[in-house]
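Colleague: Listed below, chain by chain, are the residues.
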Amino acid sequence: MGSSGVSIELYVLLSAVLFIMGTIGVLLRRNAILVFMSVELMLNAANLALVAFARQWAGGDGHLMVFFVMTVAAAEVAVGLALIVAIFRTKKSIDIDNLHLFKE
Amino acid sequence: MFSVPDLSDLNAGAALPAIFLGAYACLLMIVDLFIPRTRKQITVALTLVGLGAALALSLLALGDVVEFGDGAVAFGGMYVADRFSDAVNVTVLITAILGVLVAYNYLERIRRQRSEYYYLLLFTTLGVMVMGAAGDLVIVFVALELLSIPLYILSGFRWPQEASEESALKYFILGAFSSGFLVYGIALVYGATGTTDFRALWQSIGQIVADDASSKYLLLVGTGLVLVGLGFKVAAVPFHMWTPDVYQGAPTSVVAYMSVAAKIGGFAALARVLGAGMGNLTLGGEAAAAWQSTVWIIAALTMILGNVVAIVQSDLKRLLAYSSIAHAGYLLIGVAAVGTPAVTDEAVRAVVMYLVAYAFTNVGAFAVIIAVEKDDASNTGLDSMRGLAARQPLLAASMAVFMLSLTGIPLTAGFVGKWFVFKSAVAADLIPVAVIGVLTSLVSAYYYLRIVWYMYFEQGKGEAYVPAPLAWAISIATVGTLALGIFPYLLSDLANGITLAFGR
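Protein chains in written order, with my numbering: chain H, 143 to 246; chain Y, 61 to 564.
Bear in mind the hints are in silico, worked out from the structure with no lab data behind them.
We put the CB at the ideal spot given by N, CA and C, even for glycine.
Honestly, I wouldn't trust all of these hints.
[Said to hold, decoys possible] Derived contacts from chain Y toward chain H, CB cut-off under 7 Å, selection only: (1) F80; (2) I209; (3) I213; (4) G216; (5) E225; (6) A228; (7) F237; (8) V243; (9) A247; (10) Y250; (11) T256; (12) P527.
[As the list claims (entries may be wrong)] Quick list of in silico lysine-lysine cross-link-like pairs, DSS-like style, CA-CA up to 30 Å: (13) K100(Y) to K434(Y); (14) K434(Y) to K233(H); (15) K434(Y) to K521(Y); (16) K234(H) to K434(Y).
Make the full structure from the sequences, and use the hints.
Modeller: Okay, structure coming up:
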């Protein structure tokens, strides 16, 4: 398969690192857009893993899944950005620390 | 790679109820453009007609009156129209009809009568239906997003009200976060097995277990991440943090529908993925699946936290949010029992029965909150229940029925649901978690019955507004809750014969 000699483990390792970076980003970032970008990083880490595994298994399922993930992520972006714009209009801030209406 | 299948091999007829609803929702979106803004009751009526027709189709399929398509498997194994999916369809479509009925006057009152509400609700319903019929991890993911994305929008439907926007953004961020876990989990499961199809997954896992291959670690991590992703959706502890805020901030009519529909979808997916796809993932020669112990620990934590924290809540929507977390815990007992091969069918049936009972009860309880809520979203505190029985005797009686059902008192649907779930747990030798279930139910009696006490034995204004469609929804929910409780065989007949088509 392919001319590159990079082994599957390295791809999976890279995807795991990206996924963990995304997770940490979601937990630590306070700006809604950056949180959102971190989520995208998690999804794309999964995509990388899927493509790498698909090459290993020489099957189509992995590639197929990637297309679905990309499409759904685009739909999510549309809704997410709209929500962020709406909340910015009301609050003049997209800092998620300011979302504390319900703190008791 | 893959060959393009022949169209007639797809067996698309088996998916008729879902295809019908999807096509109907798309059509409604276009037809609605020609309906004047002042006459949106036409859109509402059309929505109900579509849901009713899909319900009729699903009931025909469930009752074996007509068989759509040829056998259960459609779209090359992606879609499985077995009795489980029929039961899920019926449950979610009833929930959706109730959801439309409770929404109509509420949206009018809060001046948000937009037809988007209704077709987004249809798409969410479609997502749940497809989820119940998923035969492939790809479909689980796509259906989960089809279920979630419209719900994010619906939660924010009351913009520019701050609470609604906040709840939508919170729901969105945590929902997208959980999708990330789910997709990565699916990627790892695919990496370990080389497939996403449940049938092939079952065989591949059997091979891995038999060989004790090292890819089992990859598989276990993947299963764990899938569990995390779905755990977020069903609000299981420790992934429940979003629930109280989202339920409190979102428009009440949305919560009435979402609290049930998202649970139906989430648990249908858990039953499918864990039961039909990974039921034979065992370690060290044990009979029960490896994920069983994790699921029952989560179930125990969820029941304990949900019920204990609900005690101190002073807002009805928030209280019912913690109550819904607690009920996710009871349902998870059933999911844990699915992991014991001999009990799988019984446990899946118990989960379905619990979901049906919960659908009537919980939509009803939120409908009563809609009745007492003021136009500015105030008056949802526990105090709003004081003296309700004197001014609104029927409404108070219905609320009492719902509260007794949520507690699990005999002669209500909630009791029947809990009975079968606990029974399946005992059969699966998960006695400790069944005991925790019974004990936490006792705890829950305190906060549910306190509401009944407030309504009947304390003084208050007891104001409520119950227009016709809302009254119908509450009546249907009350009758359903009582009928399923007094005649439990209605539920067990419905569940009879439900098996997960794949796997064993």
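Colleague: If a hint holds in the structure, say so; if it does not, say that too.
Modeller: Results of checking the hints against the structure:
A cut of 7 Å between beta carbons decides the hint on F80(Y): the least distance to chain H is about 23 Å, and the hint is violated. The interface hint given for I209(Y) is met, as the beta carbon of that residue sits about 6 Å from the closest beta carbon of chain H, less than 7 Å. Annotation: I213(Y) was flagged as interfacial toward chain H, and the flag holds, the nearest CB pair being 6 Å apart, inside 7 Å. Interface hint at G216(Y): satisfied, since its Cβ lies 6 Å from the closest Cβ of chain H, which is below the 7 Å cut-off.
The criterion of a C-beta within 7 Å of any C-beta in chain H is met by E225(Y), whose closest approach is roughly 5 Å, and the hint holds. Against a cut-off of 7 Å between C-beta atoms, the interface hint on A228(Y) holds, since the closest Cβ of chain H lies about 5 Å away. Interface hint status for F237(Y): upheld, as the beta-carbon distance to the closest one in chain H is roughly 5 Å, under 7 Å. The beta carbon of V243(Y) is positioned within 7 Å of a beta carbon in chain H (closest approach about 4 Å), and the interface hint is therefore held.
For A247(Y), the shortest C-beta to C-beta distance to chain H is roughly 4 Å, which falls under 7 Å, so the interface hint holds. The interface hint given for Y250(Y) is met, as the beta carbon of that residue sits about 5 Å from the closest beta carbon of chain H, less than 7 Å. With a least beta-carbon distance of about 5 Å to chain H, the hint placing T256(Y) at the interface is held under the 7 Å criterion. At its closest, the beta carbon of P527(Y) sits 29 Å from a beta carbon of chain H; the interface hint therefore is violated under the 7 Å criterion.
Taken as a hint, the K100(Y) and K434(Y) pair is honoured in the structure, with Cα atoms around 22 Å apart against an allowance of 30 Å. With a C-alpha separation of about 24 Å, the suggested pairing of K434(Y) with K233(H) holds against the 30 Å cut-off. This hinted pair checks out: K434(Y) and K521(Y) have alpha carbons roughly 13 Å apart, not beyond 30 Å. For the given pair, K234(H) sits about 28 Å from K434(Y) by alpha-carbon distance, which is consistent with the 30 Å threshold.
Consistency with the previously given hints fails for numbers 1 and 12, ordered from lowest to highest.
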